[in-house]
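As you go down the protein sequences, you meet chains A and B in turn.
Numbering of the first sequence is given in numbering that gives the first Met the number 0, commencing with residue 0 and proceeding in unit increments.
Numbering of the second sequence is given in numbering that gives the first Met the number 0, commencing with residue 0 and proceeding in unit increments.
In case anyone wonders, no lab produced these hints; they're calculated from the structure.
Please note that the accuracy of each hint is not assured.
In silico DSS-like pairs for lysine-lysine, Cα to Cα no more than 30 angstroms straight-line [unchecked claim]:
| hint | chain 1 | residue 1 | chain 2 | residue 2 |
| --- | --- | --- | --- | --- |
| 1 | B | 236 | A | 227 |
| 2 | A | 239 | B | 146 |
| 3 | A | 420 | B | 236 |
| 4 | A | 276 | B | 67 |
| 5 | A | 356 | A | 277 |
| 6 | B | 146 | A | 277 |
| 7 | A | 431 | B | 67 |
| 8 | A | 420 | A | 431 |
Which chain B residues stay away from chain A? Per the calculated CB distances, all over 12 angstroms, these [claimed, not checked]:
| hint | residue |
| --- | --- |
| 9 | 3 |
| 10 | 6 |
| 11 | 95 |
| 12 | 151 |
| 13 | 202 |
| 14 | 214 |
Glycine included, each C-beta is placed from N, C-alpha and C at the ideal position.
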Amino acid sequence: MKNLYIGAASTAFALIANTAAAEVEISWWHAMGGALGETVNQIAEDFNASQDEYKITPVFKGTYEEALTAGIAAFRAGEQPNVLQVFDAGAATVIGAQGATVPVQDLLTDNGVAFNIEDYISGVRYFYADADGKMIGMPFNSSSPVMYFNVDALEKAGVEAPKTWEEFQTVTAPALKDAGYVALSQSHLPWIFTENFHSRHNLPFATNDNGYAGSDGTEILVNNDAIKAHFTAVTDWQDKGYFEWFGTGWGDNQTPFEEGKVAIWLGSSGSFGGLAKKDLPFEFSATYLPYWEAVTKEPKQTFIGGASLFAMAGHEAEENKATAAFFEFLTKAETQYFWHRETGYVPITKAAYELAKADGHYDRFPAAETGIKQLSLPAGEHTKGYRMGFYVQIRDVMNREYGRILTGETSVEDAFATIEKEANALLARFSKTQS
Amino acid sequence: MKRAGFTTRWLPILLLLPQLSIIAIFFYWPAAHAVHSSFYLADPFGFGATYVGVDNYADLAGSSEYLKVARFTLIFTLLVTFFSLALALLLAVKADNIIRGAKSYRTLLMWVYAVAPPVAGFIGLIMFNQSWGPLTEAARAIGWDFKLGVNFNDTATAMVLVAVWKQVPVNFIFFLSGLQSIPKPVREAALIDNRSARGRFWDVTFPLLAPTGFFLLIINITYALFDTFGVIDTMVKGEPGNNPMTLVYKVYVDGFRGNDMGGSSAQSVILMLLVLALTIFQFRLIERRIHYT
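Can you build the whole structure from these sequences, using the hints too?
This is the structure in structure tokens:
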């Protein structure tokens, strides 16, 4: 019955578009909703219009977690898409499952597309690579947590955007409070105040080279004094009215910034496009994430967040060729610049970055350059990223415990002990699934 | 006594086959699959699975978080069931007494039945919006700094309220038809015997409503345990964080968000056993004590 239907549909399609009979069709499952989804559709349309051999169809699959689960279920049923978008926290799952994807580096070189990892900006190069540095997933929407601030509010309070957390708590926050603002909110405690906290301060986040050297025996190193001191300070800021937490959801914490209630908001460089389009009643700008001078005098770059595109295995050679052609189109400087300009996600190649500079994009919007500049800061031993399995659940544990800290249900000390214990149990479980 | 029967042995089996195959394919096969996966730790893509015995169950039993979720589920179920039934019974008794405009009142009380759980959850999100929700403001007016999504108890309160609101109409419909099926002579006889409306209700009406009430009790427990999924998912916006969640939502969080097939299968099996226990309880202990008609 299904075959009959497909047969009828394809006959009808062939009758309508017999000129396009030679096109190889590929599918792309993604998690980009709203304005981002429209930009994704535009890129797909541009690719389809740029040549007549291949046709890509983007399909919106919900949140990052839902897209990954849909991709896995489809793979098990043998119905996987050609391209699947997988977010940072799901990277270990998909990269660990060797045979589920075709490493992007192999895909490109096998299909005659030139590939040089040095063409990519340093911050994105190895996050989705294997232990030997081979690129497995194509970085797509790469972002970094940055600090947005309400320029009018800071002017009113007579302060500058803080460079360090010491400056924030002694100078910036008290002045903002006197000026009638909540000084700070943030939208993702695991991503901004945990993962990137470790990168910015060049602290190890997990054993086995942050988990890149293999899942066997990997343990999280989150229960350390630097981060505990940070969270203790955050609760102190909360008591003094410098910081407010509006729940686990991303938007709940962004909205008060947009409403002008909160003066400084830690969000994603990928939020830039959305904020710029919202026509906020105040001028905003962005700069690097602050750091603790007490922890380091030389702050480092941050990890990329966001997601990458994986070429799913189990497709015909000609479809893989189409996928390679799409990746080639996607990494072209013009495409990357278009994506960067529309959304605020960083351009992933040096050529695209140069193009954005040459076009004067950063003269018009200096804040748009913050993400890529922060990703291009000096690298350290522990700044290339992390690779941990069942990481979605580990983030859920962090969110739960951080929520409890901020509602006074638990202490910083107990919360980090719990996170360490539960995360290590999950890592050990994940390791067992990989044998 | 003459027994009606089939002449051949195969005809009844043949007639039962469609139903049995549906049950087998859609219920027993997946259930068996869940029991099987609960003894393994599997790579989500299906490349390999390691037999771990009862480790998945042992992990759950030893997890204080799982026990916390179980405890919340119990309290949530008790509250939702009690308030859904009590409110619906009150409304049904009052609506039963009304003669003029009865149909309009009843329709107004029933319409919420048509609201899907995620939509109910969404309405809850709007009513309890942190900065401008009308119910948030009402709570603030009485000095309760209500914070949905931040404070555990506040979020739990909102979830119970929305879940009860969504379920009252169903119970109302059943209670009302139960009340209307009580024979008039019985009511009239009661009226002569007892002049107190409250006394008549507890002595006559309530026992006669018992079959409906018992049926609804089971329906409501199942509703609170399983069908509130949509309400909870919408109200925690897909990310539970420190917010309350029920056991069935945890199965989803660990299995579908976290891709931990073994762990979430073990949780499903526990829920299956719970339903089994509930069914046994229904048939063995209570059905015997309640007289239908």
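Going through the hints against the structure:
1. 236/B to 227/A: holds, 28 angstroms
2. 239/A to 146/B: Holds, at about 19 angstroms.
3. 420/A to 236/B: holds, 26 angstroms
4. 276/A to 67/B: violated, 43 angstroms
5. 356/A to 277/A: Holds, because 24 angstroms separates the two Cα atoms, which is no more than 30 angstroms.
6. 146/B to 277/A: holds, 26 angstroms
7. 431/A to 67/B: It holds: about 26 angstroms lies between the C-alpha atoms, which stays within 30 angstroms.
8. 420/A to 431/A: holds, 17 angstroms
9. 3: The assertion about residue 3/B holds, with a minimum of 39 angstroms to chain A.
10. 6: holds, 36 angstroms
11. 95: At roughly 43 angstroms from the nearest Cβ of chain A, residue 95/B sits farther out than 12 angstroms, so the non-interface label holds.
12. 151: For residue 151/B, whose nearest Cβ neighbour in chain A is about 7 angstroms away, the distance does not exceed 12 angstroms, so it is violated.
13. 202: holds, 47 angstroms
14. 214: The assertion about residue 214/B holds, with a minimum of 36 angstroms to chain A.
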